Amino acid sequence: MKLLSLQRHMARAVMTPLTRAERMRAVAPDGRSMRAVANQIIKPNDRLTSFERLEIYNRQYWFRVLSAFAEDFPGLRAVLGGRRFDSMAKAYLIDCPSQSFTLRNLGSRLVNWLQKHPAWAGERQHLALDMARLEWADIEAFDGLREPSLKPEDLASVNPAKLRLRLQPYVSLLALRYPVDELLLQVRKDSDDLDVASNTFNERHKRKRVSAVAKLKPSPIFLTVHRLDEDVYFRRLDREEFAILSALHAGKSLNAAIESALRRSPIAVADRAAHVEKWFHTWSALGWFCRLEKSPKIEKAAARK
Amino acid sequence: MPANRFNGHTDYGIGIGLRSPHYHHILTRKPVVDWFEIISENFMIDGGRPLRILDQILEQYKVVQHGVSMYFGSAERPNREHLQRLKTLVQRTKTPWLSDHLCWGSVDGRYTHDLLPMPYTFEAARITAQKIREVRDFVEIPVAVENVSSYAEFHVSEMTEWEFLNEVAERADCGILLDVNNIYVSSQNHSFDPFTYVNSVPAERVAQIHIAGHSKYRKYILDTHDHPVIDPVWKLYARAIERVGHTATLLEWDDSIPSFDEVHDEALKANRFLASASLATAV
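Chains A and B, in that order, are what the protein sequence lines are.
Everything in the first sequence is counted per the numbering used here, starting at 1 for the first residue and increasing by one.
Everything in the second sequence is counted per the numbering used here, starting at 306 for the first residue and increasing by one.
Any given hint could turn out to be false.
To be verified - Ranges between beta-carbon positions, derived for each pair:
#1 Leu185(A) <-> Asp560(B): 22 to 32 Å
#2 Ser87(A) <-> Ser325(B): 23 to 33 Å
#3 Arg25(A) <-> Arg415(B): 39 to 49 Å
#4 Asp30(A) <-> Gly414(B): 40 to 50 Å
#5 Arg415(B) <-> Pro160(A): 41 to 51 Å
#6 Lys392(B) <-> Asp229(A): 24 to 34 Å
#7 Lys2(A) <-> Ala580(B): 45 to 55 Å
#8 Arg415(B) <-> Pro118(A): 39 to 49 Å
#9 Pro326(B) <-> Asp229(A): 20 to 30 Å
#10 Ala212(A) <-> Pro326(B): 28 to 38 Å
#11 Lys2(A) <-> Pro326(B): 54 to 64 Å
As the list claims (entries may be wrong) - Far from chain B by the CB rule (all over 12 Å, computed), these chain A residues:
#12 Leu3
#13 Gln7
#14 Arg84
To be verified - Reference listing, derived: stretches of chain A covered by chain B, where coverage requires no fewer than 3 residues with Cβ under 8 Å from a Cβ of chain B:
#15 59–66
#16 73–80
#17 90–99
Source of the hints: derived by calculation from the structure; they are not laboratory data.
No experiment lies behind these values; they were computed from the predicted model shown.
We put the beta carbon where it would ideally sit given N, CA and C, even for glycine.
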């Protein structure tokens, strides 16, 4: 058997879902007996059959990807409950196996997948989607690229009608139906507490978390997930703030972004300039904007000077 | 060999794996450590805290990169994004050499995130060696391949594991990261004499040595890196050092990680063997 063919056979077997008892299945995905697949490629030894040797890798694969996935989505686990989350995780990883050299990207397709498979979250579909979006944004913010930040002097000679600001790649803007930011922080706090707690304490905390999820009512929020001094933060935004940032992110010019965001705003016209100034001051202080890319035209002009 | 072309002609001593539970201790106490080995993939990112910590470590310590997902033995071509990110990190760490495993783990663009064993065939040796050369040409530093621990052997194999390792290393003209714990684990799982393996490795190609602990189950041993090094592995290490000389040695401890001092003390046990190797060289 050629190398590629052997690797395809073995990978297919290794990535086949385990049974409920976390053992290797008797039947391979193509309908063949898994024992026959194992016997065809793997030697037995005096202690283990070919099937048992292949099973070591099959189990290790699932233990590894499931634990990495669960580590990345504790909030979604709290929303769905442990048992449903585990089943959902297996279904997701069957449909969306890793396509990256790093486990960091395991959940990159989760939001889209959950949208296509609403049954997993049932009545909590919107809550689950919001939490998955937040947890993925958290991963992106943790190690996303930070470009040089915009400086006030960068704006000195720029026409606001043409100015296009770019958000830092690590910044995510989220419009959410539920205040999942608070829930995720609570889940994390519980998890930290559990590290040092007794069983009774654990049980009490588990009940508390279940009740927190059950009580969570829809209450739309606008949120930025960003990084400051290498820590990830969730920052709530006003509706207008969110609209301006989203428009800038979509490539609109500064003037156009502000105009479209404030068109239907209840903020009094006389107060708008002050609001906009305050928002920009905060966003700039947090370093959310990337330094402007100099166009070849500007660079030529600078060179002439 | 203490310093050779496969480890960038360096003469590193005893290092330990850089792991997040120890970050605070290292950055605040600044313990004396010869060098740290990092898992390349943990730092092949665009920004954030891991890179900031790495930069702080680099200000004070020597760092060597060790990868877990280049999959030299996978039949498919190297992933370009992976290569580019690896090279960017190499430029950051200035690692004198880098290592990854003699294994496969991905096929048709799907990753298992495991170190799957190779079939020991001439075809596999040729493909693997070609890939090692390709990676080395891209990153422009020496590359060493590490023998993995395994739980399965293939019917198609045409040679022993150590013959395969030698075949690949010769064809690729690369270094070897000799993991004596992996040799021990595989020897128990496949019933061969681990000393035959150690004695067969071309000493002049050994760039680095790994030591680690493992977990023993009823019918097999699993390479878990969550225990101290056991005596039979120290004996293999002693034999390896006897053959290859005073070589950069690293203790891997990846699970149930104890305090920094406990890990470092365990690694420093290698000193007694390295000292006798130095003495033998001097005599």
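Of the hints stated earlier, which fail here? Numbers 3, 4, 8, 11, 12, 13, 16 - these are the hints that the structure violates, sorted from lowest upward.
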